[in-house]
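Colleague: Note that the protein sequences, when read in sequence, are chains R and A.
Here the first sequence is numbered in this note's numbering, starting from 135 and rising by one per residue.
Here the second sequence is numbered in this note's numbering, starting from 3 and rising by one per residue.
Please keep in mind that the hints were generated in silico from the structure rather than gathered at the bench.
Remember, predicted model here, so these are calculated numbers, not experimental data.
All C-beta atoms, glycine included, are put in the ideal place defined by N, C-alpha and C.
Mixed in with the good hints there might be a few duds.
Looking from chain R toward chain A, a few residues come up when the C-beta cut is under 10 Å (computed) [to be verified]:
1) Asp198
2) His281
3) Val391
4) Asp393
5) Arg454
6) Phe466
7) Gly649
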Amino acid sequence: MASSNAYAQRDPMLKKRDDFEDILEERRNSSDLRYALKCYTPALYKGVAPCKSSMLKSMVLQSDQLHYVIQQVSKETGRQTDNVQEEVSAILDEMAHSLQLSTVRFFAFTLSKIFKSLFKSIRVNEEGIQRLQQAIQDHPVVLLPSHRSYMDFLLMSYLLYTYDLTLPVIAAGMDFMGMKFVGEMFRMSGAFFIRRSFGGNKLYWAVFSEYVKTMLKNGFAPVEFFLEGTRSRTSKSLIPKLGLLNIVMDPFLKGEVFDVHVVPVSISYERILEETLYARELLGIPKPKESTSGLFKARKVLSEDYGSIHVYFGQPVSVRSLAEGRVNRCQFNLVPRHIPGRPDEDIHSFVNDSAYKLVRAQEDNMVLKPWVLLASLLLQKQAVGQEQGTALDELTAQAVWLRDLSRQYGAFLHWPDQMTPSEVVSSSLSLHRGLVRTCEGKVQLALEHEEKLLSQAVIVLSCASYRNQALHVFLRPALLASAIHAASSNQKQEVFNSFSFLRNMFSNEFILCPGATVQDFEEACYLLVKTGTLQVTQKEVLVNERGHRTLAFLVSMLDPFLQGYQVVCRFLCEEATETLTEKQFIPAIRKFIIKHLLAGRLRYAEVLSSDLQKNSLAAFLRLGAVEKIKGYQISNVSPCLGGKLPTQKAVVARL
Amino acid sequence: MASNSSGSGSQGRAPQRLRIIAGHLQRPVDVDATVSAAECKAQGGEADVASDGKSVPKRRQEIMKWNGWGYSDTKFLFNKKGQAEFTGKRYKLSGMIIPALKEWMEGTFGTNMQHKSLATPALTRTAVQPPTLNEAFVEELKSTGVPFSHDAEDRVFRAHGHCLHEIFALREGKVGRVPDLVVWPNCHNDVVKIVELACKHNVCLIPYGGGTSVSSALECPQEETRSIVSVDTSQMNRILWIDEKNLTAHMEAGIVGQDLERLLNESGYCTGHEPDSMEFSSLGGWVATRASGMKKNIYGNIEDLVIHVKMVTPQGVVEKSCQGPRMSTGPDIHHFIMGSEGTLGVVTEVTMKIRPMPEYQKYGSVVFPNFEQGVACLREVARQRCAPASIRLMDNEQFKFGHALKPQVSSMFTSFLEGLKKFYITKFKGFDPDCLCVATLLFEGNREKVLQHEKQVYDIAAKFGGLAAGEDNGQRGYMLTFVIAYLRDLGMDYYVIGESFETSVPWDRVLDICRNVKARIIRECKDKGVQFQPFSTCRVTQTYDAGACVYFYFAFNYRGLSDPVHMFEEVEHAAREEILANGGSLSHHHGAGQCCAAWAEVMESGRVERCGTSYSADTTMC
């Protein structure tokens with residue numbers, strides 16, 4: 135952990151980011167119908183003719199890979215190959231997209247209307263579009279948008295249609311299929327459907343992976359999927375899922391294509407459509423099943439203002455460059471390539487690292503609105519129990535301070551410079567008036583005292599989801615700040631140990647690349663030194679006089695999570711017994727937390743988030759503090775908790 | 003092989019051409035004072051079947067270029083009218099105008115007739131380091147009567163093969179470490195004596211056959227402090243006997259391919275081993291590098307042809323005690339001799355299988371709509387095991403390249419026919435001129451069987467959308483492979499450098515390796531700042547049951563680059579890396595040499611390190 139030189143180059147302030155163009159502007163000035171019927175002639179990959187879905191299906195069915203698996207399954211189960219073949223066809227029919235331009239045009243028309251009424255603007259970096267266009271012509275392309283809303287994939291296709299780019303085929307969860315008619319509409323606009331879980335089903339996996347690879351290898355269309363696997367209910371990036379990434383990297387690794395370009399896309403919403411829906415879900419109010427009537431009912435959201443959307447198409451990442459010097463591709467030379475095999479350890483770790491890199495690329499290009507900073511400030515104030523709220527000008531001053539800080543940390547902040555800070559703050563507050571209350575010039579979260587705890591929690595969690603958007607900016611400095619806070623001395627080694635422990639514990643919660651502890655520590659040191667918060671010498675880490683404010687802010691940023699993990703820990707120590715099953719865990723811990731909240735022993739209502747609870751349990755499992763018995767029950771290994779996590783106890787005790 | 007310009011359907015044109023070549027070559031007279039002539043007594047009693055009309059004189063520089071490929075009188079140039087012309091009288095193309103070449107070069111490489119990068123015309127003797135002679139060795143060598151020389155030209159000629167960096171340096175008049183002495187053994191026993199003396203006096207030996215190596219195998223190690231002696235086997239070029247009962251012939255290892263074929267043809271036989279370099283490469287080199295011939299489908303590769311090998315090593319002579327066709331007596335010693343590339347010893351005599359000369363030869367060609375279909379057809383041909391003597395599939399770039407080499411047609415009628423053919427293929431059949439590719443074929447054997455075989459192959463081709471495209475196209479395809487080496491010299495006059503490399507790869511990866519290696523070359527050139535898009539092309543040149551041999555050409559215009567050779571080598575390295583990553587081998591027949599030394603540990607069979615009295619290889623090109 136020596137020079138911070140390496141980070142000078144990574145200094146995000148120096149990173150040039152593209153400008154945005156509003157695509158709705160043109161929609162407001164010209165006919166939607168003409169737009170929907172416009173001449174659509176996208177440039178294709180190496181000029182290949184687009185492939186009819188029936189042709190695609192037959193290519194998949196005739197592939198060596200599927201032949202092999204069909205033979206294998208038939209041998210194992212004693213079924214006739216014809217019979218297995220039929221099953222394969224059925225799976226394929228259930229899965230396959232059937233893109234039709236007419237449907238796309240229908241969506242283009244309807245979505246134009248909807249978008250115009252919902253959003254002030256949809257801003258896109260056009261340079262990113264140009265890069266994407268080039269990439270599509272040169273290489274098979276994979277689009278990896280962030281996933282915060284159902285809107286994401288419609289929006290993506292809408293944008294690609296607008297810019298006359300090849301429409302992507304999108305991996306969608308099977309739950310959409312449940313929606314009568316709409317499911318089929320999605321299918322005809324390029325979605326293909328995959329079952330949520332098919333771990334053991336060899337046949338399904340083979341069909342699915344061959345389907346994706348066939349599209350990719352031939353460059354028929356960009357393949358789009360969500361690296362995070364599902365919509366993030368908390369607005370934090372989720373730990374990436376590797377299944378599909380493995381599949382799309384495979385053709386390159388096996389030499390079937392020269393390269394694959396992966397394009398991370400960051401979609402940031404000023405106000406998320408599903409805002410309170412998510413909060414309820416996290417609090418255990420069950421998610422409504424996707425249904426057409428549900429969607430219909432949801433039309434009331436159409437009447438509200440959701441601000442603007444920023445979509446940033448990132449730099450295409452060449453899988454070839456990622457793999458250079460990392461992967462020895464010769465390992466695939468000794469087995470026929472159509473025989474499916476589990477990826478080796480080094481391939482797995484390569485895909486995993488790449489996935490983290492890509493998620494971080496998404497995070498980096500996520501546009502943050504001023505409200506995100508306000509939400510962070512308001513949440514911190516609420517937690518320390520400011521009953522009557524903060525004066526508007528004080529909040530504005532703090533927001534300006536935070537704006538400067540976050541910019542120094544490299545945040546992609548979209549702060550309208552042509553407005554005065556107070557105008558910025560009040561317009562943000564008015565957009566989110568459901569979450570904040572301004573009375574007598576004082577601002578606070580819209581929590582009514584007479585309200586029930588759960589209703590309050592809905593507001594807090596919604597607000598937290600905005601704060602979470604900025605978490606990646608502050609995460610590493612915040613981990614360091616908390617580490618300094620927790621460490622018993624100023625010794626650098628001590629601080630590093632403490633940092634490393636916290637980082638390790640939170641690696642289910644935040645995007646922290648495995649094995650990059652030293653790098654992250656250096657990055658955090660670099661940022662905090664740069665902003666004058668710390669002095670880092672060979673041996674010691676010293677806090678500057680003027681650094682306390684920053685440090686306190688950073689510590690409070692992470693505090694809800696620390697407290698949350700602590701509560702889970704306490705629950706496991708105090709209440710968990712041998713008979714606690716995984717299913718019972720969430721209700722039990724929820725009850726436990728509510729008890730603590732009501733008793734005033736816990737300040738953070740957001741700990742009620744089932745996301746945090748699940749993550750912490752996973753972390754404790756990983757750390758060996760908790761053990762699964764028979765795969766069903768959770769048993770807490772008390773000696774382990776006491777023995778293996780003394781540092782954590784220390785951390786908790788000090789906070 | 004390529005230079006084999008025998009006409010369609012008729013037999014015996016190859017020998018005719020070779021006779022013409024021979025006619026131009028007079029047996030050179032030894033003029034160098036330091037060369038002492040001595041007859042090889044050891045062979046005195048044995049029948050000397052034929053030794054007249056040797057193609058390779060001791061002073062090679064008298065008929066061959068010292069800083070380029072092939073004969074001095076033969077080269078491409080742009081004449082006063084700005085048209086490309088192939089000089090000399092040796093080849094079918096000789097003396098002809100090639101009208102399309104200039105445009106092709108300008109279009110492909112962005113060359114300009116005004117921007118030339120000419121070679122140093124003659125060797126500056128002062129650039130050559132004076133020889134480090136081991137006096138005791140030289141003294142004793144003199145007493146054996148083996149001719150030798152330490153003339154600068156002789157030494158420089160034997161210090162290189164035909165790698166790009168070697169020729170590039172020579173053209174700039176740069177000479178590195180060269181052998182200190184050249185010896186010309188006349189027979190096996192001479193070699194035995196030379197090796198004994200080398201061991202005794204701690205001298206380094208490098209065997210030299212045809213000098214056509216493209217793997218840096220002839221490069222003298224810079225750090226070598228001992229005296230380096232180049233053992234030029236060119237004078238060991240006799241066929242010692244022909245055994246018609248067993249259909250074998252016993253030759254000295256220095257004989258070059260064209261002499262071997264010509265002399266055997268006189269007795270009605272051939273070996274059928276025709277590597278593209280057969281004009282210059284030697285039998286010993288073929289054995290030492292595991293060479294492969296164009297017609298291996300009928301005759302086999304060198305390892306199938308060799309019955310018996312004599313090799314002189316520092317530990318003594320290695321040979322089998324019988325000439326049985328197969329043995330089950332432990333590992334076959336031939337397998338460490340073949341591929342040893344001169345690191346273990348000097349191959350002196352070889353017994354090879356021979357065959358009666360084929361009664362009938364016929365060229366052919368098939369046009370495919372795209373490379374994928376072509377490869378699928380070759381795969382099917384290999385599956386049915388009905389490959390003709392030679393079958394090669396050129397990609398679209400190479401097809402166009404071949405077209406650029408069409409000589410001027412004299413008759414209106416021919417040009418009308420050509421136009422009609424083109425119209426039929428591109429307009430009527432709808433082949434995209436930027437996608438189509440061509441397979442060239444050579445059938446050999448008895449007339450009836452050839453015609454039957456031809457039909458079988460064309461029927462398979464038709465299933466993959468192939469159209470028969472005539473004998474001329476086929477023949478021109480083969481011509482390309484031998485003039486390409488001359489063309490490189492032309493390119494180098496205009497800032498274009500290029501090289502070829504080859505690999506063998508399983509069938510299922512042929513398409514992938516072709517696409518990826520070509521793309522890798524283009525990308526590497528772009529990343530390294532090459533101004534013009536490189537020429538990156540391939541062909542499938544041999545088919546096997548389990549895979550194919552793929553040959554890549556790669557060239558680019560280096561104007562504006564400060565260190566083109568270094569950059570070229572980096573790109574080549576990347577291309578080889580790509581080959582390995584895509585399941586190809588380091589080499590199908592060029593040999594590993596020192597070029598691939600960097601890869602030694604990568605490959606399962608590492609290169610044998612030079613040790614003791616060290617040898618380097620003489621390898622064949624192509």
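Colleague: Could you run down the list of hints and mark each one as holding or not?
Modeller: Hints, verified against the model:
1. Restraint check, Asp198/R versus chain A: the minimum CB separation of about 8 Å is within 10 Å; hint holds.
2. A hinted interface residue such as His281/R counts as satisfied when its beta carbon comes closer than 10 Å to some beta carbon of chain A; here the least separation is about 32 Å, so the hint is violated.
3. With 10 Å as the threshold, the beta carbon of Val391/R comes within range of chain A, its nearest partner Cβ sitting at about 8 Å, so the hint holds.
4. Interface restraint check for Asp393/R: the shortest CB-CB distance to chain A comes to about 8 Å, inside 10 Å, so the restraint holds.
5. Given hint, Arg454/R at the interface with chain A, holds; its Cβ is 8 Å from that chain's nearest Cβ, closer than 10 Å.
6. Checking Phe466/R against chain A: minimum C-beta separation of about 7 Å stays under 10 Å; hint holds.
7. With 10 Å as the threshold, the beta carbon of Gly649/R stays out of range of chain A, its nearest partner Cβ sitting at about 25 Å, so the hint is violated.
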